[in-house]
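Mind docking chain R on chain B? Use the hints.
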Amino acid sequence: MTVLSEDLSAGLEETGWTRVCAYADLMPERGVCALVDGHQIAVFRTFDGGLYAIGNRDPFSGAYVLSRGIVGTRAEEPTVASPMHKEVFSLVTGVCLDDPGVSVPTYRVRVAGGAVEVSLA
Amino acid sequence: MARLVVVGHGPTAYRLIETLVDRGFGGSITVLGEEPRAAYDRVALTSYLTGKSAEDLTYPVPDGITLRLNARVTGIDRESRVVTTADGHTEPYDVLVLATGSSPFVPPVPGKDLDGCFVYRTIDDLDAIREASRGATAGVVIGGGLLGLEAADALRGLGLQTHVVEMGGWLMPRQVDEGGGAVLRGHIEALGLGVHTGAGVKEIVAGPQGRVTGLVKPDGETIEAQVVVFSAGVRPRDELARSSGLAVGERGGIVVDDGMRTSDPAIYAIGECVLHDGMVYGLVGPCFTMAEVAADRILGGEGAFARADMSTKLKLLGVEVAQFGAMDGALDVTFMDPVTGVYQKLFVSDDARTLLGGICVGDATPYNTLKPFVGRELPGAPSELLFTGGPSNMELPDDAQVCSCNNVTKGQICSAIADKGLTDVAGIKACTRAGTACGSCVPMLKQILIKSGVEVSKALCEHFAHSRAELFDIVRVRGITTFSQLITEHGTGRGCDVCKPTVASILASLGNGHILDGEQAALQDTNDHFLANIQRNGTYSVVPRIPGGEITPDKLIVIGEVARDFGLYTKITGGQRIDLFGARVEQLPLIWKRLVDAGFESGHAYGKALRTVKSCVGSTWCRYGVQDSVGLAVALELRYRGLRSPHKLKSAVSGCARECAEARGKDFGIIATEQGWNLYVGGNGGFTPRHADLFASDLSTDELIRTIDRFLMFYIRTADRLQRTSVWLENQGLDYVKEVVLEDSLGICAELEAQMERHVAGYADEWRAVLEDQDRLRRFVSFVNAPGTPDPSIAFEPERDQVKPVLIPLEAVRS
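Heads up: the protein sequence lines correspond to chains B and R, in order.
So in the UniProt record's numbering, spot 118 of the first sequence is number 118, and the numbers just go up one at a time.
So in the UniProt record's numbering, spot 407 of the second sequence is number 407, and the numbers just go up one at a time.
By construction, these hints were calculated from the structure, which means they are not laboratory data.
A hint or two may mislead.
Non-contacting residues of chain R with respect to chain B, defined by C-beta distances greater than 10 Å in every case (computed) [to be verified]:
| # | residue |
| --- | --- |
| 1 | D351 |
| 2 | A426 |
| 3 | D791 |
Taking lysine to any residue and the SDA-like style, the derived pairs with C-alpha atoms no more than 20 Å apart in a straight line are [as the list claims (entries may be wrong)]:
| # | chain 1 | residue 1 | chain 2 | residue 2 |
| --- | --- | --- | --- | --- |
| 4 | R | K648 | R | G574 |
| 5 | B | K86 | R | Q723 |
| 6 | R | K648 | B | R74 |
| 7 | R | K446 | R | G411 |
| 8 | R | K112 | R | G200 |
| 9 | R | K429 | R | N731 |
| 10 | R | K738 | R | R690 |
| 11 | R | K804 | B | M84 |
| 12 | B | K86 | R | G493 |
| 13 | B | K86 | R | E462 |
| 14 | R | K458 | B | T106 |
| 15 | R | K648 | R | I572 |
| 16 | R | K648 | R | R717 |
| 17 | R | K52 | R | N527 |
| 18 | B | K86 | R | N527 |
| 19 | B | K86 | R | A521 |
| 20 | B | K86 | R | L57 |
| 21 | R | K52 | R | S697 |
| 22 | B | K86 | R | R717 |
| 23 | R | K315 | R | G341 |
| 24 | R | K315 | R | T46 |
| 25 | B | K86 | R | I808 |
| 26 | R | K313 | R | G285 |
| 27 | B | K86 | R | R721 |
| 28 | R | K648 | B | G55 |
| 29 | R | K593 | R | R564 |
| 30 | R | K571 | R | E797 |
| 31 | R | K458 | R | H490 |
| 32 | R | K52 | R | T673 |
| 33 | B | K86 | R | Q535 |
| 34 | B | K86 | R | R690 |
| 35 | B | K86 | R | A459 |
| 36 | R | K648 | R | A469 |
This structure is a prediction, so every number in the text was calculated from the model and none was measured.
Every residue gets a Cβ at the ideal spot worked out from N, C-alpha and C, and that includes glycine.
Chain B extracted, bound-state conformation:
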């Protein structure tokens, strides 16, 4: 895809940060999914403007769907509930709060020049 290669080449920097979209494209309390080096990364913007990035794969169902879950809080901690069977994951640690033995990876995410960037490192 032309658009993809342009976007990626523009976003790639030496530090390993990849631009995925404009910050303004993110809807508060909703997620999107970015495809970075073959990894599916779910990026969320919380109500207070905070950004979080976790793996998009729901470990309970195996489906790549976490970016489509409902964002909320559990005792102040920002969370997303899997749209498949509603297990709740911490957006901060990636740990499943309903089953703390299970977790998803977390990624670094930042805003640079109005753009959202994630790092696999």
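Only chain R this time, still in chain B's reference frame:
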């Protein structure tokens, strides 16, 4: 292995078999039933005429038993231990249980066998009475006891001018005294029934065709009636025992000992056919106890039957009547209010401290509160207890019997609540069986729950301390339009997957524009967010609306072409539509563009909203149909499409009583009658199937729609989150919902109707609105940084000429 044979298959036999199976009886069980159907709930027999089906009343037949119907036993060879049925079948036994029940007593009056004379005992009897009532105008019941009044209620329900003839000096002489009988008579006459007490029957007369035309009293007065029902008591069916040489009582009844054993140790007898300690029992409670005692003995136990509590509480013709304990005593205290028709009397010992019994007519509260004190010291002065309904802090002793049908004490209920963490009456019923037979102790179960300190949290989730119904009222009354405002003012935190979709649904029910507009988009579950149904591999399915299941060939072809072009798996749904599976999010707008262009709109299969109104083909084509069921189904589906509710809503319309659309399994189901439509509500399939209850009969189409408008809006306002109409209706009570919806007892019907009108006027197709808006369309991508790239994790493989998902291998994750 022991061979157990049971003669008779009524409620008592059912209880015996159930108890044996539950307790692991190791032998074989063969049941020989005389009726053409399996055992059914005879206590609820009258409900058969008000909407319940024979299946609703029928008890389940436990696995592993042999049940032979239409099998009347005619002989017992006690020496060889074999029973013989009327059709010559023989059944050997090691243990025999007689549960032959009783038969209605028909006094030997001239004309008793005329065409138009009935008894009131079996479903077949009721079918015959119903049939005879068509075209009849008046009916008379002979017998003013408990069953007689129940039969009178049934005749009245069938539209007959109804009379009751009672030999005794007043109605229900076995349950109430003369004073109570007079008050009861007032209630029943106020309903328009004719009451004739102290009156016998001289003869029943017929017209030229031999059909009943009336009943002549000994004083010569004739009561005109085309239907006559005998309900003058029952007689134990002991003829089989008698002819087999077993001991029977002088006035009937198979003689048994405390272990329910007859004079032949290999033969037990239980239920209404039995004479125990000089008593014959016609109430379900003692009969169930006999079944349990017999089961215990068969299993080698030492269970014994003792003289049973004959307390009764019932609601007849809308009047509560109850009797408990003794019907006389050294002293009695009476409370009577002729204005409201309440009569309550307590019998006490000569020092007025010990309760001996009581009678209630019009208000049975004392039965609920005071019955467990029979034989004990009263918690207060009798007059005060009657006048105030008893002190609120009245403590029942632990060994007080709460459920007399199943012999459950307060102590057993309290232990179950504590040990099993029960929080509702349903839990108590499941664990202890209390309240499962006649249900009269259910108010007491509620009291015990409350007193046990069980407080059921109504909080929706950690973010709201309110129930869904309370949040609905807050949003409605305060005119709140955003989740942020609601949670800031009435909650804490930022919500979760429980409260957000709930609030989204409330906002949508109250009409707040497109569900993906502004902040509302962030509240939606993934299905509502993508207006499609997520499947196990993260793809979605698409269901276009097909109102009433009616579709043109051209539209069918479009669906086929879309499915073919996008490689979708197709399946016909149970709701008479077509589901297209395997669409990726970025395909959804392309698929819907084709569908909308062809005239389809969203089917809301993804929403807690109206799904479909299923229909049979109706009178237009069907030779049995009496109304246009398809036309009505289409109209209803178009009226309520898009209506967001606490849970999904399903409906169906059948064009005749054959019920091909399965309307009684729906939240609101409609069945055509010759005169109009019958409306049924609260039906459900799923995990806990429930047949819908008859809500209103013979409605015109306008009346029907107005009633459904009110019913649905009342449900939407007051139900809990994800509570289907079936559970909601059980909680609210059918009578209460009828009062609100049909009689406008809360004065809110105009508001409910207006709310529905706003919904109907404000409806717009959600998918068309998405296609017309670039902002909304932008969300339909798999990857925000690669909008055209399909999700590489999604793959399909062929199965039966279609696709199925290749499932991603899943490591065992759950810790």
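Against the structure, the hints come out as follows:
For D351 of chain R, the requirement that its beta carbon stay farther than 10 Å from each beta carbon of chain B is met, with the minimum near 61 Å. Listed as outside the interface, A426 of chain R is consistent with that label: its C-beta sits roughly 24 Å from the nearest C-beta of chain B, beyond the 10 Å cut-off. Not every CB of chain B is more than 10 Å from the CB of D791 of chain R (nearest about 6 Å), against its label as outside the interface. Restraint check for K648 of chain R and G574 of chain R: the C-alpha separation of about 14 Å stays at or below 20 Å, so the hint holds.
Taken as a hint, the K86 of chain B and Q723 of chain R pair is honoured in the structure, with Cα atoms around 18 Å apart against an allowance of 20 Å. As the CA atoms of K648 of chain R and R74 of chain B are separated by approximately 27 Å, the hinted pair breaks the 20 Å bound. Proposed proximity of K446 of chain R and G411 of chain R is supported: the alpha carbons are some 14 Å apart, at most 20 Å. Restraint check for K112 of chain R and G200 of chain R: satisfied, since their Cα atoms lie roughly 13 Å apart, inside the 20 Å limit.
Our distance criterion of 20 Å between C-alpha atoms is met by K429 of chain R and N731 of chain R, whose separation comes to about 15 Å. Distance hint between K738 of chain R and R690 of chain R is fulfilled; the C-alpha atoms sit about 18 Å from each other, no more than 20 Å. About 18 Å separates the Cα atoms of K804 of chain R and M84 of chain B, which keeps this hinted pair within 20 Å; it holds. Between K86 of chain B and G493 of chain R, the direct Cα distance comes to roughly 18 Å. Compliance with the 20 Å bound is thereby established for this hinted pair.
With a C-alpha separation of about 16 Å, the suggested pairing of K86 of chain B with E462 of chain R holds against the 20 Å cut-off. Our distance criterion of 20 Å between C-alpha atoms is broken by K458 of chain R and T106 of chain B, whose separation comes to about 35 Å. For the given pair, K648 of chain R sits about 19 Å from I572 of chain R by alpha-carbon distance, which is consistent with the 20 Å threshold. Note on K648 of chain R and R717 of chain R: the hinted pairing holds, with a Cα-Cα distance of about 14 Å set against a maximum of 20 Å.
Between K52 of chain R and N527 of chain R the alpha-carbon distance is near 37 Å, which puts this suggested pair outside the 20 Å criterion. This hinted pair checks out: K86 of chain B and N527 of chain R have alpha carbons roughly 13 Å apart, not beyond 20 Å. Using a Cα cut-off of 20 Å, the hinted pair K86 of chain B and A521 of chain R holds, with the two alpha carbons roughly 18 Å apart. A hinted pair counts as satisfied when its Cα atoms are at most 20 Å apart, and K86 of chain B with L57 of chain R does not qualify at roughly 39 Å.
For the given pair, K52 of chain R sits about 14 Å from S697 of chain R by alpha-carbon distance, which is consistent with the 20 Å threshold. Proposed proximity of K86 of chain B and R717 of chain R is contradicted: the alpha carbons are some 26 Å apart, above 20 Å. For the given pair, K315 of chain R sits about 14 Å from G341 of chain R by alpha-carbon distance, which is consistent with the 20 Å threshold. Restraint check: the Cα-Cα separation between K315 of chain R and T46 of chain R comes to about 12 Å, which is no more than 20 Å; the hinted pair holds.
Of the supplied pair hints, the one linking K86 of chain B and I808 of chain R holds, its CA atoms being roughly 19 Å apart against a limit of 20 Å. With a C-alpha separation of about 12 Å, the suggested pairing of K313 of chain R with G285 of chain R holds against the 20 Å cut-off. Among the hinted pairs, K86 of chain B with R721 of chain R is consistent with the structure: their alpha-carbon atoms are about 16 Å apart, no more than 20 Å. A distance of roughly 32 Å separates the Cα atoms of K648 of chain R and G55 of chain B; the hinted pair therefore is violated under the 20 Å criterion.
Under the criterion of a C-alpha separation no larger than 20 Å, the hint pairing K593 of chain R with R564 of chain R is consistent with the structure, at around 15 Å. This hinted pair checks out: K571 of chain R and E797 of chain R have alpha carbons roughly 17 Å apart, not beyond 20 Å. This hinted pair checks out: K458 of chain R and H490 of chain R have alpha carbons roughly 15 Å apart, not beyond 20 Å. Proximity of K52 of chain R to T673 of chain R is assessed by CA-CA distance (about 16 Å); at most 20 Å being required, the pair is judged to hold.
Of the pairs offered as hints, the one joining K86 of chain B and Q535 of chain R holds, with about 14 Å between alpha carbons and a cut-off of 20 Å not exceeded. Annotation: proposed proximity of K86 of chain B to R690 of chain R is violated, straight-line Cα distance about 28 Å (limit 20 Å). Under the criterion of a C-alpha separation no larger than 20 Å, the hint pairing K86 of chain B with A459 of chain R is consistent with the structure, at around 19 Å. Proximity of K648 of chain R to A469 of chain R is assessed by CA-CA distance (about 16 Å); at most 20 Å being required, the pair is judged to hold.
Consistency with the previously given hints fails for numbers 3, 6, 14, 17, 20, 22, 28, 34, ordered from lowest to highest.
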